[in-house]
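Which chain is which? The protein sequence lines are R and L, in order.
Oh and the first sequence: position 371 is 371 in the numbering used here, straight run, nothing missing.
Oh and the second sequence: position 173 is 1173 in the numbering used here, straight run, nothing missing.
Worth flagging that the hints you see were computed from the coordinates, not collected in a lab.
Each residue gets a CB set at the ideal place from its N, CA and C atoms; glycine is no exception.
Among the hints, a few may not be true.
What the hints assert, rightly or not - Listed next, the in silico DSS-like pairs over lysine-lysine satisfying Cα-Cα at most 30 Å (straight line): (1) 1356/L with 1388/L; (2) 1118/L with 379/R; (3) 1315/L with 1418/L; (4) 395/R with 1120/L.
What the hints assert, rightly or not - Rough simulated footprint, nothing fancy, chain R against chain L, three-plus residues with beta-carbon under 8 Å: (5) 1037-1050; (6) 1128-1137; (7) 1143-1154; (8) 1222-1236; (9) 1352-1364; (10) 1439-1449.
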Amino acid sequence: MKHAKTATQNACKLCNPLGACLAFRGIESCVPFLHGSQGCATYIRRYLISHYKEPIDIASSNFHEESAVFGGSHNLKIGLKNVSDQYKPQVIGVATTCLSETIGDDVPGILREYKKEFKNGSPMPILIHASTPSYQGSHIDGFHAAVRASVKTLAEKGEELSLINLFPNMVSPADLRYLKEIFADFKAPLMLLPDYSQTMDGGPWGEYHRIPPGGTPASAIVQAGSAAASIEFGSTLEASKSAAGYLEEAFDVPRYHLSLPIGIKESDKFFSLLETLTGRPRPEKYEDERRRLIDAYADGHKYVFEKKVILYGEEDLVVAMTAFLSEIGMTPVLCASGGKSGLLKKRIRELVPNMDELEIKVREGVDFVDIEDEAKVLKPDFLIGNSKGYTMSRKNNIPLLRLGFPIHDRFGGQRMHHLGYRGTQELFDRIVNTVIEQRQNASSIGYTYM
Amino acid sequence: MEQITILEGRQKQIFEKKNGVSQPDIACDTSSLSGSVSQRACVFCGSRVVLYPIADAIHVVHGPIGCAAYTWDIRGAVSSGPELHRLSFSTDLQEMDVIYGGEKKLYHSLIELIGQYKPKAAFIYSTCIVGLIGDDIDAVCKKVAKESGIPVLPVHSEGFKGTKKDGYKAACHALMKLIGTGSTDDISKYSINILGEFNLAGEAWIIRKYYEKMGIEVVATLTGDGRIDAVRRAHGATLNVVQCSGSMTWLAKEMEEKYGIPYIRVSYFGIEDMSKSLYDVAKYFPDRPEIMEAAKQVVSDEVKTLYPSLQKFKKALTGKKAAIYVGGAFKTFSLIKALRSIGMSVVLAGSQTGNKDDYARLKEMCDEGTVIVDDSNPVELSKFILEKEADLLIGGVKERPIAFKLGIGFCDHNHERKIPLAGFIGMYNFALEVYQSVMSPVWQFAPRKGGTL
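In isolation and in its complexed conformation, chain R is listed as follows (with noise of 0.2 Å):
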């Protein structure tokens, strides 16, 4: 039965600040500050924390019922001085809340206020603020503010250098570590950013540190205005509003614009774009990685073709994930996001043309309730997305295949490549094993090998 919905139930998607102290976890020595209630930030903390397996320290400017009345002001002052005296950070990134955009806080002229009247004390950390108001957009639109501020902030144009800079998206600590292990192979200086793969997946400590190691230096975002090149990832991601398109505006900095590169069509013009950019060939070890990836297409083909599969997430890694699933053979037959771009179905239709033909239906701004709805209607094999459609899989008896963020019901969230050929064939092994379980569980006889 269909209801009139107005509330949203069961979001897929999360709220805006999130995604912002994500980001400024990938600043080298940088604490993520939310100008609002306490409770945003533990909340976000206890979501991130299930996710990645790391302390994530996200400080607060604690609002009270007088600040909410007079301003924020003496709060985030007060906060700052004790951020900055406790945790010594180079960096800090104050990111808003819906509370002290709704009382209209003029933060960039409280950040300046703070500078000059605390200037004497402990060494003045580099101040960063992105407007992240949770009523607006999702995490997603947070993790681009917090890293357009980053480099609107510290960038400047210099002398020219061979630096690309890349901007890969709300990605996977392994992901990010193998887009460093790409540019090491192909000689290319590179400035990532952000860059969580130590800070949020990193190793044990022998003492206390305040601020975990790694991270994108603040000096390395200095010099992205003087770069060679920007390539970024996300398809609805508008240059309007992300740091390629700032640095393009403001330095001239050219802005390579890609989906993230998921199968082997959208990986083939990542590399082929570093070859132009660095004019080198791509390392003999992707060529392998590749040849080993259309190998294991010819093995799976058959698990896969025409396999109707529901997705559900961020809408550029649904974009990416659609390329990818149209490339092997099976169909998406809902792609659906929280998210609210409006440019869902139109950068889908980029990448896939025959989509009508292939009759995938595209809708933004849902919940899973929602999904839930279109599921029973369109009865795909399995679901492909966060953890959060566990509800929804376990109920209609739909098998869910994990990906993307956040990954709170199984381990390993942080180590799931999803990016390059090694990515895609990391996601095909597991899309192939999710169908084998499938028949191996259905199957009458029980065979041990399939």
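Given chain R, work out where chain L should sit, using these hints.
Only chain L this time, still in chain R's reference frame:
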């Protein structure tokens, strides 16, 4: 090692117990210091945790999406029947709603959700910006209650209007509106309500069974495996038995005042406190001595099997040191005793929301040298864990990665636990979990145990 200093504004909320020295009271009951990375949440969080387990009501969060998204199905509070509490509903306020107000959106949301899910009641939580844009949620709730014929209860839990404790109070306030509206016919004189027990991993069922074995009727559990109809008749019980004192003492006091129902404070963690919580209830009904007899029987039956099973753990864990940082101070008392019963000492004890009396008692209970903290943060916790060479940290999700990073065992004693730690069986589970974490061979690779970095 790098010296970690304590923020000036926090120093009065920390002290180390020294025998024979008069020490000032710990400062507590204050709001968190700005910028200190408190482990606390907000007013909304306090309300949400208290009401969450009521399974036949819908819980609608009025605000932008985050508050609902982060509290979707996050607790191990299980239900024996309906499971509406495991769904997440939000008015998902957008910019235009913030400008023009969200009352209409709330109204339509409620009418639709009540039509779709047919709950016994609805709880409407107001979040930070609702307090700012001035939505009259009381009026909307009243209107919807009238139209739908079910209780629609506003919970004033704007995040910034106090601390988590104020959220507990707002939740209890909503409960008070329900209590007293049901029939109390057929309720035994020998009856209780279980307050502040949230049925994490089925703990309320364990506790309830003990009381029922004693011949006690449990009228309502607030709020574990909670049902609206049971809450409505809670005023028919003879005694309120309050665990998790932080969240429910206020409700118990209100009920005492309004309905003349006295209350006692108990804890179901550890053999000593678990047994006491049965005896204390039995003592309340002296006219029926068989209740005390039955209580003794329950304790003796349980301990007979439990005690020998703990010896293996005790042998292994004797001399090991624990740090405790949990939400309420009352739980800390029980944990200290429970840990002592398996041979462990406590080197750090603290809570997010303890009060003056709690900390005074904690000081009395602790050994010399134990550090006591109120509303602590990751930096302080790490400092003391390392300085005191703890082998175990007991806390919640936010504390877990601190322990593991530093190569220390961890026991999850928060709302997300999936294994019951209350009751006699809970003591076994607790000891097992502590044992499995502290004694794991993986720590040999941790740098603090000599592993290489």
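Quick rundown of the hints versus the structure:
Proximity of residue 1356/L to residue 1388/L is assessed by CA-CA distance (about 24 Å); at most 30 Å being required, the pair is judged to hold. Pair hint residue 1118/L plus residue 379/R holds up; C-alpha atoms about 27 Å apart against a cutoff of 30 Å. For the given pair, residue 1315/L sits about 26 Å from residue 1418/L by alpha-carbon distance, which is consistent with the 30 Å threshold. A hinted pair counts as satisfied when its Cα atoms are at most 30 Å apart, and residue 395/R with residue 1120/L qualifies at roughly 23 Å.
As drawn, the segment 1037-1050 of chain L meets chain R at 9 residues by the rule of a beta-carbon pair under 8 Å; at three or more, the given contact holds. Given a C-beta distance limit of less than 8 Å, the hint that chain R covers the segment 1128-1137 of chain L holds, as 5 residues qualify and 3 suffice. With 0 residues having a Cβ less than 8 Å from any Cβ of chain R, the segment 1143-1154 of chain L misses the three-residue criterion, and the hint is violated. Requiring three or more residues with a Cβ within less than 8 Å of a Cβ of chain R, the coverage given for the segment 1222-1236 of chain L is violated, as only 0 such residues are present.
With 0 residues bearing a CB less than 8 Å from a CB of chain R, the segment 1352-1364 of chain L misses the requirement of three and the coverage assertion fails. Residues of the segment 1439-1449 of chain L with a Cβ under 8 Å from some Cβ of chain R number 4, which satisfies the need for three, so the listed coverage holds.
Checked against the numbered hints above, the structure violates hints 7, 8, 9; every other hint is satisfied.
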